[in-house]
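Starting from the known structure of chain A, arrange chain B on it as the hints suggest.
Here are the chains, one letter per residue:
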Amino acid sequence: EAAVTQSPRNKVAVTGGKVTLSCNQTNNHNNMYWYRQDTGHGLRLIHYSYGAGSTEKGDIPDGYKASRPSQENFSLILELATPSQTSVYFCASGDPGQTNSDYTFGSGTRLLVI
Amino acid sequence: GDSVTQKEGLVTLTEGLPVMLNCTYQTIYSNAFLFWYVHYLNESPRLLLKSSTDNKRTEHQGFHATLHKSSSSFHLQKSSAQLSDSALYYCALSDRYSNNRIFFGDGTQLVVKP
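So the sequences go chain by chain: A and B.
Everything in the first sequence is counted per my numbering, starting at 1436 for the first residue and increasing by one.
Everything in the second sequence is counted per my numbering, starting at 264 for the first residue and increasing by one.
Bound-form chain A, shown alone (with noise of 0.2 Å):
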């Protein structure tokens, strides 16, 4: 079946340390998005791809970095990770410019920066 699969589920950093998060998917879609949802903001793109090698700034990038080495993978890091960074993040693939395509999303990975 296809999925999106993120990894960690949970993560606790230090403050000032780097932090990588990772998103697999096998629905060979070509774009892949990460976006992170805090109380009262719903969910906020921070980066997106449209394939191998491309990565995009999306609303809200400052103090985050993207790749996607490949088709199926694409990892947010957080170099300098930093406590307003604490959220849940959700990775998600898809190619909505297509008819009536939409979204999976992983299942999220709760970070705690302290």
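Read the hints as simulated data drawn from the structure, not as lab findings.
Treat the numbers as computed from the prediction; the structure is a model and nothing was measured.
Warning: the hint list may mix true and false statements.
What the hints assert, rightly or not - Distance condition first, Cα-Cα at most 25 Å in a straight line; then the derived SDA-like pairs of lysine to any residue: (1) Lys-313/B <-> Asn-1462/A; (2) Lys-332/B <-> Gln-345/B; (3) Lys-1492/A <-> Gln-340/B; (4) Lys-313/B <-> Thr-1440/A; (5) Lys-341/B <-> Gly-1475/A; (6) Lys-1492/A <-> Lys-319/B; (7) Lys-270/B <-> Asp-1494/A; (8) Lys-1500/A <-> Thr-1517/A; (9) Lys-313/B <-> Lys-1500/A; (10) Lys-1492/A <-> Ser-1519/A; (11) Lys-376/B <-> Lys-319/B; (12) Lys-1446/A <-> Ser-334/B; (13) Lys-1446/A <-> Lys-319/B; (14) Lys-1492/A <-> Lys-341/B; (15) Lys-313/B <-> Gln-1520/A; (16) Lys-332/B <-> Asp-369/B; (17) Lys-376/B <-> Asp-1473/A; (18) Lys-1453/A <-> Asp-1537/A; (19) Lys-1446/A <-> Leu-351/B; (20) Lys-1446/A <-> Ser-307/B; (21) Lys-319/B <-> Thr-1440/A; (22) Lys-1446/A <-> Glu-306/B; (23) Lys-313/B <-> Gln-340/B; (24) Lys-1492/A <-> Asp-1537/A; (25) Lys-319/B <-> Asp-1537/A; (26) Lys-1453/A <-> Val-1523/A; (27) Lys-1492/A <-> Gln-1472/A; (28) Lys-270/B <-> Asn-1462/A; (29) Lys-313/B <-> Tyr-1485/A; (30) Lys-1453/A <-> Gln-1520/A.
Below, chain B without anything else, positioned relative to chain A:
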């Protein structure tokens, strides 16, 4: 650019009463796709229903919505709320020109009480 407005951040109602969650949107494109996603606690957001056809009722799992392009609305309704409907609901919009992304509203938290 495209945007989605969900005015109600929280809707609380009693089991058995009708549900209506409001969604309006803005886009300059006539071929927009509208979605409702549901996000249960500790799960992934998942698609509830979607539509791109004007004035056509779309139904799934007891919920329904009708896209009205004249008023740019896509309200989610259910005739009788159940306790298990308690979740975060996102209205979302895409069109084939918007860089392959879906625009999400801020979400409406639905709480159904006995």
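These are the hints, each one checked on the structure:
Restraint check: the Cα-Cα separation between Lys-313/B and Asn-1462/A comes to about 19 Å, which is no more than 25 Å; the hinted pair holds. For the hint pairing Lys-332/B with Gln-345/B, the CA-to-CA distance comes to about 30 Å; that exceeds 25 Å, so the pair is violated. Between the alpha carbons of Lys-1492/A and Gln-340/B the distance comes to roughly 34 Å, so the proposed pair goes past 25 Å and is violated. Proposed proximity of Lys-313/B and Thr-1440/A is supported: the alpha carbons are some 24 Å apart, at most 25 Å.
Between Lys-341/B and Gly-1475/A, the direct Cα distance comes to roughly 24 Å. Compliance with the 25 Å bound is thereby established for this hinted pair. Restraint check: the Cα-Cα separation between Lys-1492/A and Lys-319/B comes to about 35 Å, which exceeds 25 Å; the hinted pair is violated. Of the supplied pair hints, the one linking Lys-270/B and Asp-1494/A holds, its CA atoms being roughly 20 Å apart against a limit of 25 Å. Distance hint between Lys-1500/A and Thr-1517/A is fulfilled; the C-alpha atoms sit about 14 Å from each other, no more than 25 Å.
With a CA separation close to 31 Å, the supplied pair Lys-313/B and Lys-1500/A exceeds the 25 Å bound. A threshold of 25 Å between alpha carbons decides the hint, and for Lys-1492/A with Ser-1519/A the separation of about 19 Å falls inside it, so the pair holds. Taken as a hint, the Lys-376/B and Lys-319/B pair is broken in the structure, with Cα atoms around 31 Å apart against an allowance of 25 Å. About 44 Å separates the Cα atoms of Lys-1446/A and Ser-334/B, which puts this hinted pair outside 25 Å; it is violated.
Proximity of Lys-1446/A to Lys-319/B is assessed by CA-CA distance (about 44 Å); at most 25 Å being required, the pair is judged violated. Pair hint Lys-1492/A plus Lys-341/B does not hold up; C-alpha atoms about 37 Å apart against a cutoff of 25 Å. At most 25 Å may separate the alpha-carbon atoms for a hinted pair to count; Lys-313/B and Gln-1520/A exceed this at roughly 32 Å. Proposed proximity of Lys-332/B and Asp-369/B is supported: the alpha carbons are some 21 Å apart, at most 25 Å.
A threshold of 25 Å between alpha carbons decides the hint, and for Lys-376/B with Asp-1473/A the separation of about 24 Å falls inside it, so the pair holds. Restraint check for Lys-1453/A and Asp-1537/A: not satisfied, since their Cα atoms lie roughly 32 Å apart, outside the 25 Å limit. A C-alpha spacing of about 23 Å is found between Lys-1446/A and Leu-351/B, which places the hinted pair at or below 25 Å, so the restraint holds. Using a Cα cut-off of 25 Å, the hinted pair Lys-1446/A and Ser-307/B holds, with the two alpha carbons roughly 17 Å apart.
Under the criterion of a C-alpha separation no larger than 25 Å, the hint pairing Lys-319/B with Thr-1440/A is inconsistent with the structure, at around 34 Å. Pair hint Lys-1446/A plus Glu-306/B holds up; C-alpha atoms about 17 Å apart against a cutoff of 25 Å. Under the criterion of a C-alpha separation no larger than 25 Å, the hint pairing Lys-313/B with Gln-340/B is consistent with the structure, at around 13 Å. Between Lys-1492/A and Asp-1537/A, the direct Cα distance comes to roughly 20 Å. Compliance with the 25 Å bound is thereby established for this hinted pair.
Pair hint Lys-319/B plus Asp-1537/A holds up; C-alpha atoms about 19 Å apart against a cutoff of 25 Å. In summary, the hint linking Lys-1453/A to Val-1523/A is supported, as the alpha carbons are separated by about 17 Å, within the 25 Å threshold. A distance of roughly 17 Å separates the Cα atoms of Lys-1492/A and Gln-1472/A; the hinted pair therefore holds under the 25 Å criterion. Restraint check: the Cα-Cα separation between Lys-270/B and Asn-1462/A comes to about 33 Å, which exceeds 25 Å; the hinted pair is violated.
The suggested pairing of Lys-313/B with Tyr-1485/A holds, with an alpha-carbon distance near 23 Å, which does not exceed 25 Å. With a CA separation close to 12 Å, the supplied pair Lys-1453/A and Gln-1520/A stays within the 25 Å bound.
Hint check: violations occur at hints 2, 3, 6, 9, 11, 12, 13, 14, 15, 18, 21, 28; the rest are consistent with the structure.
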